[in-house]
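Student: Here are the chains, one letter per residue:
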Amino acid sequence: MSAAPTPVPSSTSRPASASAASGAMPKGKARRPRGRLGEHLLRVYTWLILLWLVAPIISMIVFSFNDTHSKQNNNWQGFTLTWWKRIGAIPDLTTALENSLTIALLSTLIATVLGTMIGMAIGKHAFRGKGAVNLLLFANIAAPEVVLGASLLSLFITLGIPRGYLTILIAHAMFNIAYVAVVVSTRLASYDLSLEEAARDLGAGPFATFRLVTLPIIFPGVMSGALLAFSLSIDEYIMTQFNAGGTLTFPLWVFGATRVGVPPQVNVMATIIFMGGVLLAVLGATIGRGRRTRRPADDTAGAPA
Amino acid sequence: MTADEGPASAADAVGDARSVSAQVSTTVPTGGTGDAPPAIELVGVAKEYMSRRGAVTAVETIDLRIAEGEFFSLLGPSGCGKTTTLRMIGGFEEPSRGQILLHGQDVTSVPPNKRDVNLVFQSYALFPHLDVAGNVAFGLKRKGVARGQVRRRVGEILDLVELGALADRRPRELSGGQQQRVALARALVNRPRALLLDEPLGALDLKLRQTMQIELKRIQREVGITFVYVTHDQSEALTMSDRIAVMNKGQIEQLASPRELYERPRTRFVAGFIGTSNVLRRSVRTVTTDGTGPIAILDAGADERVIVPVHSGLGGVVTGSVVELTVRPEKINMTAARPEGDVCVLRGRVTEVVYLGTNTTYTVFTAGGDEITVFWQNSADANDLAGRGDEVWLSWREDHSYALAPSGADPAAAEAPTEPVATAG
Ligand SMILES: Nc1ncnc2c1ncn2[C@@H]1O[C@H](COP(=O)(O)OP(=O)(O)OP(=O)(O)O)[C@@H](O)[C@H]1O
Ligand SMILES: [Mg+2]
Numbered sequence: 003m004s005a006a007p008t009p010v011p012s013s014t015s016r017p018a019s020a021s022a023a024s025g026a027m028p029k030g031k032a033r034r035p036r037g038r039l040g041e042h043l044l045r046v047y048t049w050l051i052l053l054w055l056v057a058p059i060i061s062m063i064v065f066s067f068n069d070t071h072s073k074q075n076n077n078w079q080g081f082t083l084t085w086w087k088r089i090g091a092i093p094d095l096t097t098a099l100e101n102s103l104t105i106a107l108l109s110t111l112i113a114t115v116l117g118t119m120i121g122m123a124i125g126k127h128a129f130r131g132k133g134a135v136n137l138l139l140f141a142n143i144a145a146p147e148v149v150l151g152a153s154l155l156s157l158f159i160t161l162g163i164p165r166g167y168l169t170i171l172i173a174h175a176m177f178n179i180a181y182v183a184v185v186v187s188t189r190l191a192s193y194d195l196s197l198e199e200a201a202r203d204l205g206a207g208p209f210a211t212f213r214l215v216t217l218p219i220i221f222p223g224v225m226s227g228a229l230l231a232f233s234l235s236i237d238e239y240i241m242t243q244f245n246a247g248g249t250l251t252f253p254l255w256v257f258g259a260t261r262v263g264v265p266p267q268v269n270v271m272a273t274i275i276f277m278g279g280v281l282l283a284v285l286g287a288t289i290g291r292g293r294r295t296r297r298p299a300d301d302t303a304g305a306p307a
Numbered sequence: 007m008t009a010d011e012g013p014a015s016a017a018d019a020v021g022d023a024r025s026v027s028a029q030v031s032t033t034v035p036t037g038g039t040g041d042a043p044p045a046i047e048l049v050g051v052a053k054e055y056m057s058r059r060g061a062v063t064a065v066e067t068i069d070l071r072i073a074e075g076e077f078f079s080l081l082g083p084s085g086c087g088k089t090t091t092l093r094m095i096g097g098f099e100e101p102s103r104g105q106i107l108l109h110g111q112d113v114t115s116v117p118p119n120k121r122d123v124n125l126v127f128q129s130y131a132l133f134p135h136l137d138v139a140g141n142v143a144f145g146l147k148r149k150g151v152a153r154g155q156v157r158r159r160v161g162e163i164l165d166l167v168e169l170g171a172l173a174d175r176r177p178r179e180l181s182g183g184q185q186q187r188v189a190l191a192r193a194l195v196n197r198p199r200a201l202l203l204d205e206p207l208g209a210l211d212l213k214l215r216q217t218m219q220i221e222l223k224r225i226q227r228e229v230g231i232t233f234v235y236v237t238h239d240q241s242e243a244l245t246m247s248d249r250i251a252v253m254n255k256g257q258i259e260q261l262a263s264p265r266e267l268y269e270r271p272r273t274r275f276v277a278g279f280i281g282t283s284n285v286l287r288r289s290v291r292t293v294t295t296d297g298t299g300p301i302a303i304l305d306a307g308a309d310e311r312v313i314v315p316v317h318s319g320l321g322g323v324v325t326g327s328v329v330e331l332t333v334r335p336e337k338i339n340m341t342a343a344r345p346e347g348d349v350c351v352l353r354g355r356v357t358e359v360v361y362l363g364t365n366t367t368y369t370v371f372t373a374g375g376d377e378i379t380v381f382w383q384n385s386a387d388a389n390d391l392a393g394r395g396d397e398v399w400l401s402w403r404e405d406h407s408y409a410l411a412p413s414g415a416d417p418a419a420a421e422a423p424t425e426p427v428a429t430a431g
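From first to last, the protein sequence lines stand for chains A and B. Counting from 3, one number per residue, gives the positions in the first sequence under the working numbering. Counting from 7, one number per residue, gives the positions in the second sequence under the working numbering.
Only chain A is shown next, with the shape it has when bound in the complex:
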């Protein structure tokens, strides 16, 4: 789960909007005075925690530049760009990474669409069996992956489906759906259903209502659900191991390599994945902020329904 820090786009952009709001409202809340010592302690403490969180990541990045000649890559030998240049030098590893990336993308896509639909159903409506659906989702999240993986495997065997890329994809999409659904339904907890009625009232049909009102409002939830799904999928090991057959994914390859020594290319790839995650988070935040400040006339799609 270290690949992407599962950022929530809206939370990153919240300070901006909050300050805008406070500028508009009467000044009710004055800043509470705090002791100087307390402030220093808080600062030190905060930095320590941050350091703890990023230390493994920094080490991973640093060792992707390590000029190592042994099979083990854990003693600093000097700076080199060799591994970055020769990132594709190990064909099996490259294939494994490709598998991981495409599976992560596809399973995220599937899980985001289906999970959002489930999340909207349980977040917005009261229906018979809602409790059961909720329970099912939480069971899916809470169940040990060993159990899920093993039972899925026996199901595939029973159905006679050969293990490989497809079964990994099915497994990943399956456990990702629950995460997306829960994140989206949480986002809908404070959602006012009359917003949709207002959209209908103003001439929007059901689909336009979803596109112009519901989706933009739940979008941060959908995004964080999708990022969570992606990061869960890309480093998933246990269930993948059960259902992979002969196919290798990035985590499976790396785990297999630990016995003989992890090549620096792994660090390079992990760094790239991490950077991708950071980029996505930053992108999400800027898009979120952009929506806030864009000109009103361009805010909703102008095309007639």
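Please note that a few of the clues may not be correct.
[Unchecked claim] Take a look, some chain A residues computed to stay more than 10 Å from chain B by CB distance:
1. 86
2. 145
3. 190
4. 201
5. 206
6. 212
7. 215
[Unchecked claim] Quick list of the computed label-pair ranges, beta carbon to beta carbon:
8. A/194 - B/393: 50 to 58 Å
9. A/217 - B/154: 26 to 34 Å
10. B/84 - A/191: 49 to 57 Å
11. B/57 - A/140: 36 to 44 Å
12. B/209 - A/128: 23 to 31 Å
13. A/38 - B/208: 43 to 51 Å
14. B/102 - A/247: 56 to 64 Å
15. B/157 - A/247: 58 to 66 Å
16. B/57 - A/194: 48 to 56 Å
17. B/170 - A/131: 46 to 54 Å
18. B/417 - A/128: 49 to 57 Å
19. A/191 - B/266: 46 to 54 Å
20. B/150 - A/194: 40 to 48 Å
[To be verified] Capping the alpha-carbon separation at 16 Å, the derived lysine to aspartate or glutamate pairs in EDC-like fashion look like this:
21. B/120 - A/199
22. B/120 - B/99
23. B/120 - B/100
24. B/223 - B/205
25. B/255 - B/377
26. B/120 - A/41
By construction, these hints were calculated from the structure, which means they are not laboratory data. Owing to the predicted nature of the structure, the values given are computational and were not obtained by experimental measurement. Virtual Cβ for every residue (Gly too), placed ideally from N, Cα, C.
With chain A's structure known, arrange chain B with the ligands on it following the hints.
Tutor: For chain B with the ligands alone, kept in the frame of chain A given last:
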């Protein structure tokens, strides 16, 4: 007639033929209550909600006609079915029985996005992800109005509600009153044929509410659109409405102008709901006729006299039957000596005196056992009229007695509006 008919109209004629036709359709003079169909008509409309424990009747049966350009209020206590009625007009609930017509067209099962009315929600329901201008432009864009048009009309309507300076604020950056006006603008900008408002001022404090009442009335006069206004606040309804339907338990108890409601409340419920009112319950001694029509002389003590005109809405008033009559507190005279002349007279003792600045409220316990409230204007010569414990005479003109009908639906509600509807300008 509409507020946005300005110098820009000429430019429209060149630029956007479609919007001109839309404009014409809202400005066609309807000739008041002539033979044009009513803006809104409800025929035998009823609504039952299905819940786990069976059907809940929200609206019993409602027949009602609202004229073009009218400011019409649905007034009643909590749970009487006001919101349900409004939502049925807006298309958000389908009636269990009956028909809804907009301008003579049956829209009973037409979805809200295809109805030419707009609803202002009690919670405002402003889109949090759009700024003020984006919220207001929403409906126009759905209709495919051209960009330049949208910008101009949004600007105009925001000026009308005095929010032009806040066009790029988000809803959460606005005060309650400002949000309320955005909600209003968002609905009005579409030039709907009728605007439905569900307690739009409910969330505002008293002072702002009073300002907004005047504001709403001004806007309605300027745009000339039919307003259907839901409220449980009688003073709000009286202030703004051309006509009011007083609802109780899913029925219309009375549908009339504010003055009519106040001076001739049809039932005890209406009398109690609109203003303060005294209700006397007496049996009939005799029914005779005076210069103006039939009158009933009711039971009263020695030297007392209680008379009520028998109006056409009343049935079965004969000797021995029981009649409830109402008389408004400000119509009652209070004197130390018994007044002369053909007036209603009761004797009583003052039990409470409450000084309220411009007037004083007296509570008088009558010889017949009724508690009567009297409002007395505090003028230079009328102070200290009576104190607690004083014996007084109460008197009022016979035609200020008004006999109440038993509770139930107002049979006159379905009739076409009799009041000439206030025209714009
Ligand atoms: N969706 C629903 N399901 C079941 N019963 C409902 C539903 N909506 C309203 N009711 C019931 O119908 C009746 C009328 O409700 P309505 O909302 O129309 O009242 P109202 O006059 O608007 O009251 P208020 O002034 O409190 O808003 C109430 O008894 C209410 O409990
Ligand atoms: Mg209501």
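Student: Does each hint hold? Answer for all of them.
Tutor: Here's how the hints hold up against the structure:
{"no.": "1", "hint": "86", "result": "41 Å, holds"}
{"no.": "2", "hint": "145", "result": "33 Å, holds"}
{"no.": "3", "hint": "190", "result": "13 Å, holds"}
{"no.": "4", "hint": "201", "result": "7 Å, violated"}
{"no.": "5", "hint": "206", "result": "5 Å, violated"}
{"no.": "6", "hint": "212", "result": "13 Å, holds"}
{"no.": "7", "hint": "215", "result": "6 Å, violated"}
{"no.": "8", "hint": "A/194 - B/393: 50 to 58 Å", "result": "56 Å, holds"}
{"no.": "9", "hint": "A/217 - B/154: 26 to 34 Å", "result": "27 Å, holds"}
{"no.": "10", "hint": "B/84 - A/191: 49 to 57 Å", "result": "27 Å, violated"}
{"no.": "11", "hint": "B/57 - A/140: 36 to 44 Å", "result": "28 Å, violated"}
{"no.": "12", "hint": "B/209 - A/128: 23 to 31 Å", "result": "25 Å, holds"}
{"no.": "13", "hint": "A/38 - B/208: 43 to 51 Å", "result": "48 Å, holds"}
{"no.": "14", "hint": "B/102 - A/247: 56 to 64 Å", "result": "59 Å, holds"}
{"no.": "15", "hint": "B/157 - A/247: 58 to 66 Å", "result": "60 Å, holds"}
{"no.": "16", "hint": "B/57 - A/194: 48 to 56 Å", "result": "22 Å, violated"}
{"no.": "17", "hint": "B/170 - A/131: 46 to 54 Å", "result": "50 Å, holds"}
{"no.": "18", "hint": "B/417 - A/128: 49 to 57 Å", "result": "40 Å, violated"}
{"no.": "19", "hint": "A/191 - B/266: 46 to 54 Å", "result": "48 Å, holds"}
{"no.": "20", "hint": "B/150 - A/194: 40 to 48 Å", "result": "27 Å, violated"}
{"no.": "21", "hint": "B/120 - A/199", "result": "13 Å, holds"}
{"no.": "22", "hint": "B/120 - B/99", "result": "14 Å, holds"}
{"no.": "23", "hint": "B/120 - B/100", "result": "14 Å, holds"}
{"no.": "24", "hint": "B/223 - B/205", "result": "14 Å, holds"}
{"no.": "25", "hint": "B/255 - B/377", "result": "27 Å, violated"}
{"no.": "26", "hint": "B/120 - A/41", "result": "59 Å, violated"}
Violated hints, in rising order: 4, 5, 7, 10, 11, 16, 18, 20, 25 and 26; the structure is consistent with all others.
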